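Enquirer: Now for the letters of each chain:
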Amino acid sequence: MAVKTIKTPAVIIGGGVAGLAAAIDLSRRGLSSLVVERGPRLGGRVADFCCKATDSCVRCGACRLADLVRRVAARPEIAIYTSAKPVAAEADGDGWRLTLEPQRNNGPAPVVELAGGPLPRRSQVQAGAVILAVGATPFDPSAKSRFGYRRVPGVVSALELEGALEHSLAELAGGRDPRRVAFIQCVGSRDESLGHLYCSRVCCGFALRMARVIQARRPGTEITFFHMDVQTYGRAWAGELAEMREQMNFVRAMPGEVTAGPGGPQVVYAAGGRSQTAEFDLVVLSQGMRPPVGAAALSQLFACTRTSDGFLGSDAEPVASGAAGVFIAGSARGPMSIVESIEHGAVAAAAAAGHLQPLVREAAHA
Amino acid sequence: MPEVSLIWIEEAGLEGLDPAKAAKKAGVALSDGGLVEAAVVTTTEARAPRSLVNRLKGYPVKWLDLAAEVGGGPLALRQARAAAAVARAAGSAALGTMAQRYTRQPNQEVLVAGRGLAAVAAAHQAAALGHPVLLALETTRARAACADEKPAEVKRALAGLPAQVEVVTGTELVELLGAGGDFQARLQGPRRTSRRRFGAVVLAPPSAYAVPGDMPATAEDITLPVSRLKPKQYQGGEQWLQAAVIAPLGPGATAHGFARAVTAALALQKRPRVQVTLFLGEAKVASEGGERLYRDARRQGVLAMRVEPGGLRVSRDGRKLSFDDPVLGEPVDLRPDLVVLSEEVTGRAPAWLDNPLVTTAWDQDLPDHPRLQAGRTARSGLYLIGGARGAAPGDPRRAQAAAAAADLHGLLSGEAVAVPAVRDVLCASCLTCVRVCPHGVVCYAEDHIAPAPAACLACGVCTAECPAEAIAPPGWSNREMIASLAAGLKAAAGDKLVLFACRNSGMDAARALSLAGHQWPKGLLMVPVNCAGRVGVQLILRALSLGAGGVLVAGCHQGNCRSLNGNLRAKLRSGEAADLLAQVGGRPEQVRFMHLASNQPRALAQAVAELAQTAGEK
Amino acid sequence: MEALLYLGCTVPVRNLNYELSARKVAAALGVKLRDLTEAGCCGFPLKATDQAAALVIAARALAQAGEGGLTLTPLCSACTGTLAEAAHHLDHDAAARRRVNRELAPLGLAYRPGVRVKHLVRFLLEDVGEAAIKKKLTRSLEGFSFAPHYGCHYLKPSQVLGGLDDPEDPTSLARLIELTGAEAVAYDSMKECCGGGVLGADERLAGRMAGTKLVDLAAREVTALALLCPFCNVMYEGQQKTIAKKLATELKVPVVYVTQVLGLALGFKPKELGFKLNRIKPKDLVKAFK
Amino acid sequence: MLLNDCDPGFKHQVAAEPGGQGIKACFACAACTARCPVAGHVEGYDPRRLIRLVLLGRREEVLASPLIWLCSTCYSCQEVCPQQVSFTEVLTAIKNIAARAGYGPPATEAVIDQLAAHGRLLEVGEFENQRRTDLGLPEVAEAPAHFQKVLGVEPAGGKS
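Line by line, the protein sequences give chains D, F, P and W.
According to this note's numbering, the first sequence is numbered sequentially starting from 1.
According to this note's numbering, the second sequence is numbered sequentially starting from 1.
According to this note's numbering, the third sequence is numbered sequentially starting from 1.
According to this note's numbering, the fourth sequence is numbered sequentially starting from 1.
Everything labelled a hint here was simulated from the structure, so no lab data went into it.
For clarity, every value in this text was computed on a predicted model and none was experimentally measured.
Backbone N, C-alpha and C define an ideal beta-carbon position, used for all residues, glycine too.
Among the hints, a few may not be true.
So the derived label-pair ranges between C-beta atoms look like this [what the hints assert, rightly or not]: (1) K136(P) with E154(W): 48 to 54 Å; (2) P326(F) with E126(P): 26 to 32 Å; (3) D134(W) with K134(P): 32 to 38 Å; (4) Q247(D) with L247(P): 49 to 55 Å.
Please put together the full structure from these sequences, using the hints given.
Expert: This is the structure we're talking about:
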């Protein structure tokens, strides 16, 4: 059976916010694209994020996904294959020839109407440019076993808390009503022992926003924020942080361990030059970002470089990959926020359009 | 379809004809010339009264030499010819000129004003997208960089600019009127002032490094800002040279400012017998490579010392720094031989940008607005990038420039919806629309209200706030909305409810619910709006009078509104409607407002269910 | 299967029950233990004051061991740690290796990279394997419970000793204990250090440190504390009375070696495993298998 | 305390000692202190504080401190350190410097004497070997000569 070949100016690997933003930006520039998403739905990790607004918007950007999806769906020049993954790639003239393979997915079904759908069969794609927007991978906190993840009841990851924020926290806290909640920052970040010599940038804001939601829903909930340095950025944070310092307990210490106590998980940390133990109902581990799980395979597939932190791309340039015609968008390039990923997607698209320009001209002449 | 008016000007050749009959037959309304959604005028532009020509300027008008069309012959024949000509002209006014009328062709030219890498990059990107660009550099030397950039880099970037970028130097943007698609700029050149029109404007004002105001005041002779530090000049002798590098300490400290301080500390520490103590509030390592740099500095021997805000004190002579070491819990003194103060990138938006009379384009909280990224300001088509936006030198500025260029390209290539139509006959020139337009689109020029051609987001705030029903984006007039409300409510079964939902939040949430198979109350009518700010008191009350038992307005969260404060206006107007309802003996809880985000479908479902219950209670 | 037994200083003099049971268990599990005669000190006691000398001393033992190509299996965790660290250091640092070999030359010895050091218990777990051990067991210790004490240098520093177990959540001893049918007790102070390292510098401090675990276990019904290091034994068994006195409390926590537990399950009599030499004996256990 | 009076070279000296390399990387997160079993028992014993004293250059205070000899070498601090400071080894480096500077604990001499005399910390004489033989254990031989050579000392009396 002949393998179908799809021809497109640009193929975007990854249908998260960065990939979608790149597709929209390309189409604004008059360039069609094919978005290839491994999972069953668009949106990547952001699709699981809820709104953290309390009395006002906290600028997390998660709500932006809806308009990206809406705009992608409205543009016929953007084609989408979900449940698809590149398994082979070779440079082909100025462009790339990719082989896509269908992926079996058991995850949640797509909840947005889309142009396109699951990749039906193994297919070939001929593209002038490739944008890798595969996102970062969250650090698995069980690799830092001293924090008791999956071992001590009531210890959860920040992403698990995110998933439960709209529902019941009691389930996370093993049935207890969580009135005492601790956040431990930098789990997997700023950690040379793991080779993670970078700050994941978004976790402080993420944790503090969730802490605020918890306090807004259950006034009087005690929040303890174990941190080394608060990494929020943006002008609005300065004032908000001052407010939060009044309402929450900021402890500047990296805890030593989390153990199971009679009334909930206990955090062992240093204060006043000695070890202290504090008991909580819920301990949230703010896991950092790791390079995408497939970074090694992708960098091999597309002959692209990795940053010194192991993400895709190069330290020297924002979206270049070291391979002609291959560009990196979003947190596959390094830790970044949702809003930053959207912007980064546009920048990658600009670079890809620059690469495509001579090709487009040639095609017009031919 | 726009409403087309027939403006009948009596002149030779039309004697005896009945304007009303002609209008009726052609299916248009006869007008005295005030109603200008679209018009057919029975005479040529040259023959028409000047006042009428002026009034109709910029609107879809079919000038018709009716006398010529009608010709001679029996009155009945002339009357029939007149009706047919008017009908034809009306069709072309309504359809043929509609595109021009409702979405006037935006000017494609782009002005980039400012200096430095961000400016050059924005010009380059906009040109790459096919726009003619005027790059107005405010300095006389083209390659002059911002104070935090290298001139050589700017020179390189300038050399790479494509041909469709016209570069002028020594030229400053001193006044800007209009909005996206049609800006009128006044440019002050070295010799003369010129006016030009542009479709979009990118501002990249100069940026520089400045020492934050909360730095301790050490003696002048031992104190330097990072930008003036030459590490090679320092080394210790028998005694160690003690240097204090002070990173930004306050809550506004940025990762870039921190990285700069650490870079200076590292360079100094590498000098022989120099000991650097680096004071910091929070180690802001969130910049790329920031953590590595910080580690390298410590490994080199830099002593990193966290101090609480205000915790770094200076002796009266400015030569002794005192602080409490949080680790030892002891007071520590340092008599530095050198104090290096870190700096943050600063850049100011031009003062005129902050002028509320021009527009609410800018205030300092906007850079964080989740819907005003890519350099956008509140004023559509106007972009502010670079240091004034907090972007650090180098790639962040290029990235911002690229994002802004992509955004303006989208705007000018017609992604935005059409401009609002103004019914001059109703307009009292109260300027409410000019004042409330969140995007600076509605301008007042040449004695009439003149919306810009590309920048309108059809948020409808002007329509909701206009006391005279004189302005509306096409499709969003009260008349049209009420008509669709009436039709929708008529078709609705059971307890009738109306949900006015912003497309950026409520509608997305509703759509997610619908796709997930959510069972809405049978009588629910969803009315999408581009912004909750479109929903004024009148619409709410009309919905109730048309039979709705409850009205819910779902707008974005505070600080998330694409139209800045359309959501807050909607909240205010919902409250007013509820109050009015109470005054006439109704139940105020029939009118509700909620803040919502696109990813909060559950909250919407709950609010609608509660509204249904309220409506059902009667 | 063969291994090179490293006795160190303390075991062959003070912990004969440990040595006896270890040799019996190894033999029963088919491990032929060869003795590294003339081995002596591993260098640990000198590390604090003279690392360079400590390294040479460790290298001496390693060099002796290296000749046979067998895994060096100490019974003492401190010896394990010191020797493994030294081997790790010398394997990765050619300059240090040259320095050390200059010192060893007059002894007719030289360190060559690649000497493997494993605590004997780890050797049993990894080289013999849990399945093989299980097959050889003839008796069930069901009804008895042991509190495993891993100590420090059996697993840490993980940079050198990693791969066997997670020092933050160790399970290897518990698994070994459970092979015998006995219960491995999970208890709060499981990861506490015995304090043996500071016994020489501050006896009171060492006692307080060991006391934490002893008090914790005294409150539980465990057959015995099961350990695998003579240093830990000094603290938990040797010092138990003194500690109890200092803490003004009653303590009677029986202490056994993991090899003794294993020995019982392999069918040996308590006497053969040196239980006579246990100062605080798990009487029920001894009685049950008499 | 005046920082100018401290010795900035001290941290470099510690870092140059085997095991001391990591000290300067410390960013004072306090995970080590949280896990130190000695810190809980001894007032003032705080790994993070000891590191800070070295970094500040309070040389004499560190070397003369009785605290540096209280480490139980459990390696807990080293295990939890995100910056690979390896405090147990850093402290070994500090102790070595202190010992060379004459601050060593008195027990050192005795240890060296014992090793020089027997090649082991505990003497294995006839009595011990008899006991071993009775239990069916092989005899153990002493090899002090090796240790004398390595340590560069003569046996201090006793039998050899």
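Enquirer: Each of the hints needs a verdict: does it hold here or not?
Expert: Evaluation of the provided hints:
1. K136(P) with E154(W): 48 to 54 Å: holds, 50 Å
2. P326(F) with E126(P): 26 to 32 Å: violated, 45 Å
3. D134(W) with K134(P): 32 to 38 Å: holds, 33 Å
4. Q247(D) with L247(P): 49 to 55 Å: violated, 42 Å
Of the hints listed earlier, those the structure fails to meet are numbers 2 and 4, in rising order.
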